[in-house]
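J.: We have chain A; now place chain B onto it with these hints.
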Amino acid sequence: MLCHDATPTVSVALSGDTGVRTDWLSIIGLLIFAAGMLSNFSLYLKGKLPGRPEANTAQKIAYLASRALGPLFSRRVLSWVGTAVTEGVFLRRTWRRGKGRWAVHALIFLPLLARLILGIATWLGMVIWPAADWVQTLANKDALVTAFFYDLMTALTLLGVLLALVRRFIIHDRRLPTFAQDRIALGILGAIILVGILTEGIRLLSAGTPPTLAIHSFLGYGTAMILRPLDLAWTSIYPAIWYIHALLAVALIAYFPFSKFMHILVTPLITSSDAARKRRD
Amino acid sequence: MLTVDPSAFTIQQLIELDACTRCGECRLWCPTFAEKKAVEAITPFKKIDSLRSYLRRQHGLLARILGPRPVSDEELGSYAEGVYNCTLCARCYEVCPAGIDLRSLWIAMREQLVDLGLHPEPMNRLRDTVTTSYNISGDANENRLGWTANMAQVPKGLERRQGAETVYFMGCVAAFYPMVYSLPQSFVTIMSKASVDVTTMGGDEHCCGFPLIIAGMRGDAQAMMRHNIETVRQMGAKRLVASCPSCYHTWKHDYPDCLGEELGFQVLHETEYLLELLMSGRLDLKPVDRVVTYHDPCDLGRNSGIYEQPRQIIQAIPGVTLVEMKDNRELALCCGGGGDVEMADVETAHAVGHRRMEQAQETGAKYVVTACQQCKRTLLGAARRQKIRIRTLDISELVMEALK
Numbered sequence: 000m001l002c003h004d005a006t007p008t009v010s011v012a013l014s015g016d017t018g019v020r021t022d023w024l025s026i027i028g029l030l031i032f033a034a035g036m037l038s039n040f041s042l043y044l045k046g047k048l049p050g051r052p053e054a055n056t057a058q059k060i061a062y063l064a065s066r067a068l069g070p071l072f073s074r075r076v077l078s079w080v081g082t083a084v085t086e087g088v089f090l091r092r093t094w095r096r097g098k099g100r101w102a103v104h105a106l107i108f109l110p111l112l113a114r115l116i117l118g119i120a121t122w123l124g125m126v127i128w129p130a131a132d133w134v135q136t137l138a139n140k141d142a143l144v145t146a147f148f149y150d151l152m153t154a155l156t157l158l159g160v161l162l163a164l165v166r167r168f169i170i171h172d173r174r175l176p177t178f179a180q181d182r183i184a185l186g187i188l189g190a191i192i193l194v195g196i197l198t199e200g201i202r203l204l205s206a207g208t209p210p211t212l213a214i215h216s217f218l219g220y221g222t223a224m225i226l227r228p229l230d231l232a233w234t235s236i237y238p239a240i241w242y243i244h245a246l247l248a249v250a251l252i253a254y255f256p257f258s259k260f261m262h263i264l265v266t267p268l269i270t271s272s273d274a275a276r277k278r279r280d
Numbered sequence: 000m001l002t003v004d005p006s007a008f009t010i011q012q013l014i015e016l017d018a019c020t021r022c023g024e025c026r027l028w029c030p031t032f033a034e035k036k037a038v039e040a041i042t043p044f045k046k047i048d049s050l051r052s053y054l055r056r057q058h059g060l061l062a063r064i065l066g067p068r069p070v071s072d073e074e075l076g077s078y079a080e081g082v083y084n085c086t087l088c089a090r091c092y093e094v095c096p097a098g099i100d101l102r103s104l105w106i107a108m109r110e111q112l113v114d115l116g117l118h119p120e121p122m123n124r125l126r127d128t129v130t131t132s133y134n135i136s137g138d139a140n141e142n143r144l145g146w147t148a149n150m151a152q153v154p155k156g157l158e159r160r161q162g163a164e165t166v167y168f169m170g171c172v173a174a175f176y177p178m179v180y181s182l183p184q185s186f187v188t189i190m191s192k193a194s195v196d197v198t199t200m201g202g203d204e205h206c207c208g209f210p211l212i213i214a215g216m217r218g219d220a221q222a223m224m225r226h227n228i229e230t231v232r233q234m235g236a237k238r239l240v241a242s243c244p245s246c247y248h249t250w251k252h253d254y255p256d257c258l259g260e261e262l263g264f265q266v267l268h269e270t271e272y273l274l275e276l277l278m279s280g281r282l283d284l285k286p287v288d289r290v291v292t293y294h295d296p297c298d299l300g301r302n303s304g305i306y307e308q309p310r311q312i313i314q315a316i317p318g319v320t321l322v323e324m325k326d327n328r329e330l331a332l333c334c335g336g337g338g339d340v341e342m343a344d345v346e347t348a349h350a351v352g353h354r355r356m357e358q359a360q361e362t363g364a365k366y367v368v369t370a371c372q373q374c375k376r377t378l379l380g381a382a383r384r385q386k387i388r389i390r391t392l393d394i395s396e397l398v399m400e401a402l403k
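Top line first, the protein sequences correspond to chains A and B.
Residues 0 to 280 (numbering that gives the first Met the number 0) make up the first sequence, in order.
Residues 0 to 403 (numbering that gives the first Met the number 0) make up the second sequence, in order.
Chain A on its own, in the form it takes in the complex (with noise of 0.2 Å):
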């Protein structure tokens, strides 16, 4: 769901059953998720606007909803794209502290934007238009262009997730002291990708899919390759390590409005805003 299409809902092979059921730990995952995001946002409403102490909480979401869709109907609405994808997306300030910085925020963050994008275009496409043939190739996990782009999505968050490592514990950048916080994000982000590498080239051998095809996927391709002389019971493993996968995206979504994760959804807001203001001044 984070990184590619998938739904709350799981095969039952674990348990012998057939069908598809509704998976209650991605679903009290979600529940964590809305109500720690409720609750922040229930904090920043008992904030003062500027100049404005005694406005009411519907005055304050007036003024929150003014301040985030305002740009998008005034005359200004390309200019506020152009800042939202420089500052939000790009990280200009970022670029302009440091290349090698934003380097490493750059493959962590922007392999990930580009697989949330991909992901939530074959969902609404599954929803639809189902028939489709560009929604049948990116649901199709064999597809050479699907399959080649996760991977390739996924080779770079990792290798960005392994600079911050080397960053953070092998160089000691003394910018980044690290807290508990700091490797939990990072832990459940590194063991998404290993995992998550894993359950592919599991995938391609309880599938049997001839290496033609799996070598598109070539990071699963790779695992294969390796875990393929244990010859062990694929098709049975698949889901164990699929759920595992699965269970620690719904840990990183539950995790995620407690944590330093937040600065993904509201960072982009405020350097958009801060931009604009110094574009105004």
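Everything labelled a hint here was simulated from the structure, so no lab data went into it.
Just to be clear, a hint being listed does not mean it is correct.
Restricting the straight-line Cα-Cα distance to at most 30 Å, the calculated cross-link-like pairs of lysine-lysine (DSSO-like) are [unchecked claim]:
no.	chain 1	residue 1	chain 2	residue 2
1	B	K237	A	K277
2	B	K403	B	K192
3	B	K285	B	K365
4	B	K35	B	K325
5	B	K192	B	K251
6	A	K45	A	K59
7	B	K403	B	K155
8	B	K251	A	K277
9	B	K251	B	K237
10	B	K386	B	K365
11	A	K277	B	K325
12	B	K237	B	K155
13	B	K192	B	K155
14	B	K325	B	K36
15	B	K365	B	K325
16	A	K277	A	K98
17	A	K47	B	K251
18	A	K277	A	K45
19	A	K98	B	K35
20	A	K59	B	K251
21	A	K98	B	K325
22	B	K36	A	K98
23	A	K59	A	K47
24	B	K386	B	K36
As the structure is a computational prediction, the values presented were derived from the model and not from experiment.
T.: Relative to chain A, chain B alone:
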């Protein structure tokens, strides 16, 4: 149990707490942390982390379910130390990849600490002095023009002259600290030479309120702010010129906010006005053989965006060579005199000033030019303590030396 109240902050500030990416860039650039590396609480990073943690503990999801958890006195004490060991130089804002408006956030934190009674004791004395004497030194306010006493020729009409076009806002430091008397003396002499119709508010000039605003006591500054605005309006001036960047910043930004309306007259910093006079040919300058470096005052540069005007003035003086310090313009190092740190922790303030003078020394310049009375006073002190043979001048003094 002390409650950390989120309503002390704006909605944007509460969102900004979550926008901090914990990248730690601010740690590299914080001038006070550079001098007190053992005190992590000083870093912008840690201040945000602490406040976010307190708010979550008392207003977050778990607090709603299980009840709020207390924040210990030790935690709040350490947090308060960090918040008041900040010169408000805003270098952290300049380097923050998230673009968080950190200076405003630090002031909001101070306001909350004042509400909780956790601010340093010297801030109470500051409040008492300023609100009773109307200046930061505690001297009799009617002596604001004391600096004119040893001038060879005092321009006429300096004492609250009705109908003058320009009001010169002296600022408390220039008016009451003899080591920087030369600054207002130079400024009014230049105005006289340029035939500018200038006056002052005399003893009716009250502190602009800046020291109280940054101490977290904005409410106590309101009456003085309103008094100053009304006085200038009554005098019918077209413009107000301040040589103190902090006064300038307060007049330019806080006063309209305080009133909720436009002031009705122009507010300029001395560098803006001097450049205007130079460009219009109202000042004739002779060559002066000097190698100088320029120190950007935080409230003029980063906080008001004025970087080029002072440099243009310096470069307009024939014979003057300007060499830049390692940290200049947006990344200029603070002189240590900001944020009321001198009152909370004088040693740290001095250490920051020493480092800045070392940077000046590295340039090989014999003069540090600045455009702020407080920076001049702080850098002068640093040079004396370190026995560095560099003269510190305000830009008005340099222009005065070059006047034909």
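J.: Hint by hint, where does the structure go against what was stated? Just the numbers, ascending.
T.: Violated hints: none at all, because every hint is consistent with the structure.
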